[in-house]
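From just these sequences and the hints, can you work out the full model?
2 protein chains.
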Amino acid sequence: MTVSTASRALNRPELVRDETRQRVEQAARLLGYVPNKMARAVVTGRSDTIVFVIPDLSLGLFHTVAAAAQQEARRRKLDLLVADSMGNADREAGLVEGARGYAEGIILLWPQADFEPQPGDPPVVSIGRQVRGAHAVLLDQTHVLEQQLVHLRRLGHERILYADGLESYGAARERRRVAERLAADAPFELSEQFEMTFEGGVALADSLDPSITAVIAFIDNQALGIIQRLAERGIRVPDDVSVIGNNDVMWARMANPAITTLHTPYEAMGRAAVSLLLDTEPADRGAQIVETFRSELVVRGSTAPPRRTDPEVTR
Amino acid sequence: MTVSTASRALNRPELVRDETRQRVEQAARLLGYVPNKMARAVVTGRSDTIVFVIPDLSLGLFHTVAAAAQQEARRRKLDLLVADSMGNADREAGLVEGARGYAEGIILLWPQADFEPQPGDPPVVSIGRQVRGAHAVLLDQTHVLEQQLVHLRRLGHERILYADGLESYGAARERRRVAERLAADAPFELSEQFEMTFEGGVALADSLDPSITAVIAFIDNQALGIIQRLAERGIRVPDDVSVIGNNDVMWARMANPAITTLHTPYEAMGRAAVSLLLDTEPADRGAQIVETFRSELVVRGSTAPPRRTDPEVTR
DNA sequence: CTGAAAGCGCTTACAG
DNA sequence: CTGAAAGCGCTTACAG
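Quick note, the sequences are listed as chains U and S, same order.
The end of the first sequence is residue 314 by numbering that gives the first Met the number 0, with every number in the run present.
The end of the second sequence is residue 314 by numbering that gives the first Met the number 0, with every number in the run present.
No wet-lab data here; the hints were simulated from the structure.
Here the structure is a predicted model, which means the values were calculated and not measured.
One should not assume that every hint holds.
You can't tell identical chains apart in this list, so a pair holds if it fits in one copy or across any two.
List time: in silico EDC-like cross-link candidates among lysine to aspartate or glutamate, alpha-carbon distance up to 16 Å [unchecked claim]:
1) K76 <-> D278
2) K76 <-> E103
3) K76 <-> E96
4) K76 <-> D89
5) K76 <-> D47
6) K76 <-> E18
7) K76 <-> E24
8) K76 <-> D205
9) K76 <-> D283
10) K76 <-> E280
11) K76 <-> E290
12) K76 <-> D113
Written out as structure tokens, the structure is:
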């Protein structure tokens, strides 16, 4: 009995006699044998592992994408491991660097830094932002803002404020470009920059111009902050001011009022990334593929027609 | 120039001449050399990787623990990769099985199934539930319920309902035992079993006995469901009924009213798990260590003294 | 069906 | 300081 036979008995049992297989299995059990994945990967050249780099697990936002990607990977008999860059570009680069040595594919979620593909890299797919040498799964940001505007205008709003995000975030810069373009057609207000957080919403609400009848929050958490602070100031949502969010986080429907928002197809995007990674030629040899997803409006309780404006009465 | 020298130049540069190092580095750059982590791990016997098995990433609850553990691991120059068992015990077992072959340590978060330690396993630490052959980081569930009760009773509540969770969840069974024990001393109501979700809260609110003045929700999401459904029924929180949550999820403070709850020290627990994994003798040789953490009361807007009860008026 | 041999990509004593 | 050799734990043609 040699290691060759043992290896075969464990991995390709059809190649050995039944009795041999049984002896090997029993011995393995007795000895508590654990196959060394690393060693196997060295010889087979396959680790069957995808590394999914996420910008911030503690945000409670992106884990949905990771969970969906994970399921899809699982369906295809691959492991997907999530690594958190903690919002730090250097750490992100470090994770990619680390994954190079063993991952069979890398998925980058809203990468902070520009990814520089190296020869010999495993295939890379980027979500949310296009980077060189990688297929991309994108979100149609123009469509997001258009939907928000259409919804509010249909309700009759004319004085609409778009909450601008912090310059330092790529997503905020991208959305601002979209906003400026759309505002050229049919004007709406662009706020100063606020944090894309609950606290940012609170700050925005504090400085809200009384003539505004509807606010487009950058994300749902910010919408919640706006609503809460307005309530404290005696301004009611949606009676006095409408607020629309973005992303449709789990707790958007739990709010009071429940948030009207755009549902981001995070699950679909996560699955698409895995599929792009596994089913297509890597982007470094051949064309870059871009798959774009669209968010969907979810009307809930935080938007309503504007209160009939009475110029005599200021809030 | 041999591979030995190249290996040394890359990993232990102090052992080679400066010029040699430079030549190697340049060649590596030109050739796009990526060290094969697997091969290295096979010979060194170290992968510097911790696998963190999480029951459900999409819950938006546990990722905090993972994020904290990740940071702590990072501080110690180890990688921490998160694997999602998707609430499935079989898959959980599969992940542990898979990690055996390469992880240098495994952290199990609220494991679904009983973990059976095998000889040759990497050290394991369990969070939330004690399992054999592993150190444990636990949460003092008795203290949770005691704090909730003390808070409500101090406010003057006498008719308190504890929302029982689904039998199938280990955490729910554990909490019920605690509840039954505490109820023996000073009675309170035990509800029928509800889902520990927003929807579960809605259902509970629908069947709420009018004599109850305060509800202890199983978790914050359930508290939100209770509050929303009560509001729809014209019952106000905290004016008519107080509701206290548990866990202090990110959005508990964003709710309206903001949820009074118990803050679970998830971050501290995540860090403790890493430390237990790395700084102590594995549990299979020697004593099992148990570190227990306590939640802290966070008083916000969803609890208040009971409305003066008037037996004549039923809601 | 099984064994002996070569080899995956690396590291590390051991000589020089 | 560098090279030649052995070896980590595995898999897989190649013979038998």
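Which numbered conditions among the earlier hints are violated in the structure presented, ordered from lowest to highest? 6, 7, 8, 9, 10, 11 and 12
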